[in-house]
Amino acid sequence: MRKTSLFALTGAATIASPAMADTITLDITIPRLSVAEYHRPYVAVWLEGDGGKVRTLSVWYDKDKRGGEGKKWLNEMRTWWRKAGRSASIDGVSGATRAPGPQKLSIPAAALRGLPAGNYQLVVEAAREVGGREVVKLPVSLGGKSASTARASGKTELGSVAATIKP
Amino acid sequence: MKMRSRLGARAAFLAISLAAVLPGSAQAHRAWFLPSETILSGEDAWITVDGAVSNDLFYPNHFPLGTDGVKVEKPDGSAGSIENAASGKIRSTFDLHLDQPGTWKIGNMRSGVFGRYKLNGEQKRLPRGAQASEIENLIPAGATDVEVRENLMRNEFFVTLGAPTDTVFTPSGKGLELVPVTHPNDLVANEEGVFRFLIDGKPAAGIELTAILGGGRYANQPVEVKATSDAKGEVRLAWPQPGMYWLEAETKDKNTSIPGATERGLGYVTTLEVMAP
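So the protein lines, in turn, are chains W and D.
Residue numbering for the first sequence follows our numbering, starting at 1 and increasing by one per position.
Residue numbering for the second sequence follows our numbering, starting at 1 and increasing by one per position.
Careful, some of the hints might be misleading.
Stated by the list, open to error - Simulated crosslink set (DSBU-like; lysine-lysine; CA at most 30 Å straight-line): (1) Lys72(W) <-> Lys105(D); (2) Lys74(D) <-> Lys53(W); (3) Lys72(W) <-> Lys71(D); (4) Lys71(D) <-> Lys53(W); (5) Lys63(W) <-> Lys74(D).
As the list claims (entries may be wrong) - One side only, chain D facing chain W, incomplete, derived with CB under 10 Å: (6) Gly42; (7) Leu161; (8) Gly214.
Bear in mind the hints are in silico, worked out from the structure with no lab data behind them.
Beta carbons: idealized from backbone N, C-alpha and C, even for Gly.
Based on the provided sequences and hints, a complete structural model is requested.
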C-alpha cells in the first residue's frame, strides 16, 4: 500500500537540499465545451518526484456544498486520489472550481518548502461531472538558477497548460 | 405430468444452488457480489451491492445470492451491518453505509457438507445445507458407499472510504483466504496486482485462480486472467484493462474437520475494481 501525504518529502529534504525559493505560476486553460449539461471540472495539481513521492499543490472542487458534499466526488480525479488525495489534508491547498477560459494559479515558495532540487513531473488532472477525465503531465525542474517554462496541452477536458518556475 | 415438471424444476433448483456453493463443481454458475464502487471519498458514503448466481458476469439471470449470511467488518474491526436487503427472482441487493474511514470487508463464509450414499441400491444425497453435526442422523443405518465432502467457501469484497487500511485482512486461519500484497482498493490497469493466498493460515502454493472481467456479454471472447500461486502462495495478475473483475480460486485437500468426510473443498471468490491509470 502506498502512503503519501502533503508533507511526505519534508524529512528527506532537510538532508538533501538547499533551501528553495522557487515559485510556480500555472496557466491552465479550461476548454469551453458545448454540451447539454456542463459542470465545471474538478482539478488537482501535484508534483511527482522520484520514487512516486507526491505533493499536492492545488485542488479545485465544489467546496461550498453543504456538509462537505463536494468531497464525495474528489475520487473522480482518480489518479490524484490514488497517489495523494486519499491520505492528504487538502484544507490548505483547496479552492473552488473555476470557469472555462484561461485560469492563473500561483504556487508560493512556501508550498514547495522542503522539496529537494531536481526533476519532477507536474501533473494536472481534470474530471468533470457527466463528462470525461484527463491528465496532463509537464516535466519541470526545481532549484535551478534561472526561470523556465514547461508547456503541454490536453485534448478533451484540459486545454493548454504552462508552468513557469522562477527561482 | 404436472407433478413431474415440478419435480424437474426442483431438481434444477437444487443443482444451481449446489453449484453456487460447491467449489470444484463442474457447472460454471458463478456466485458474485457486485458493489457499485469500491473507492470512495468524503466523510460518509453509501454503496449499493447486487448479488446473483449466473454464468455471465455481471448479469443476473438465474438465481439471487442469499444475503442472510453477509457479514460486515468495519475498519476498526467491529461488526457493521448491511441495509435494505432484498431478494428478487434473479438478483438480491443491499446497501452499505460507510460511516468510518478506512477499508471495509463485506461477504460471507459458508461451510457445509455435501454427501451421498447408497441405500438398498438407490443413490441418495444429503439435503442441501446439511450441517456437520447432523451427519450421523442424516445417514441411515445400512447405507453403503458413503461419500462425505466438507466445503468451506468465501465470497467477499473490500471497500475503502478515504485512505486504505489493513485491519480487515487479518487472516482467520480457517480455509482459503486472501491476504493482499497490493491492496484490493489500490488496483490500476497498468500495474500488476499481487495477492497472497493462505490455507488455514499457511501459504497456499499451486492454487489456480481465474479473474474474469465483467461485461463479457458485449465481447466476443471473455477477458480472463489465469494464474497459479507460487511457493509463498503469491499470485501476480496483469490486468488487460480497467473494470470490475470477478476472481475465483478453488482447491481441495484432505484436511477435513468433519468425522467421516474424505475430502475438503475450499473456495475463495472476490470482486475487484481495477481503475484506469
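Quiz item: Hint check: is the beta carbon of Gly214(D) less than 10 Å from a beta carbon of chain W?
Solution: Not OK, violated: Gly214(D) not within 10 Å of chain W, min 18 Å.
Self-check item: Hinted pair Lys74(D) and Lys53(W), Cα distance within 30 Å
Solution: Satisfied, since the Cα-Cα distance of roughly 29 Å is no more than 30 Å.
Exercise. Please work out if Lys71(D) and Lys53(W) have their alpha carbons no farther apart than 30 Å.
Key: Roughly 36 Å between the alpha carbons, so the hint for Lys71(D) and Lys53(W) is violated.
Self-check item: Proposed proximity, Lys74(D) with Lys63(W) (alpha carbon, max 30 Å)
Solution: Holds: Lys63(W) and Lys74(D) sit about 28 Å apart, inside 30 Å.
Exercise. Below or equal to 30 Å on CA atoms is what counts here, so check Lys72(W) against Lys105(D).
Key: Distance ~20 Å between Lys72(W) and Lys105(D) Cα, so the pair holds.
Quiz prompt | Status of the Leu161(D) interface restraint (C-beta, 10 Å, chain W) | solution = holds (9 Å)
Quiz item: Should the interface hint for Gly42(D) be scored as holding, given a Cβ-Cβ cut-off of 10 Å against chain W?
Solution: holds (4 Å)
Quiz item: Going straight from one Cα to the other, do Lys72(W) and Lys71(D) come out at no more than 30 Å?
Solution: holds (25 Å)
In terms of the numbered hints stated before, the structure departs from hints 4 and 8, listed from lowest to highest.
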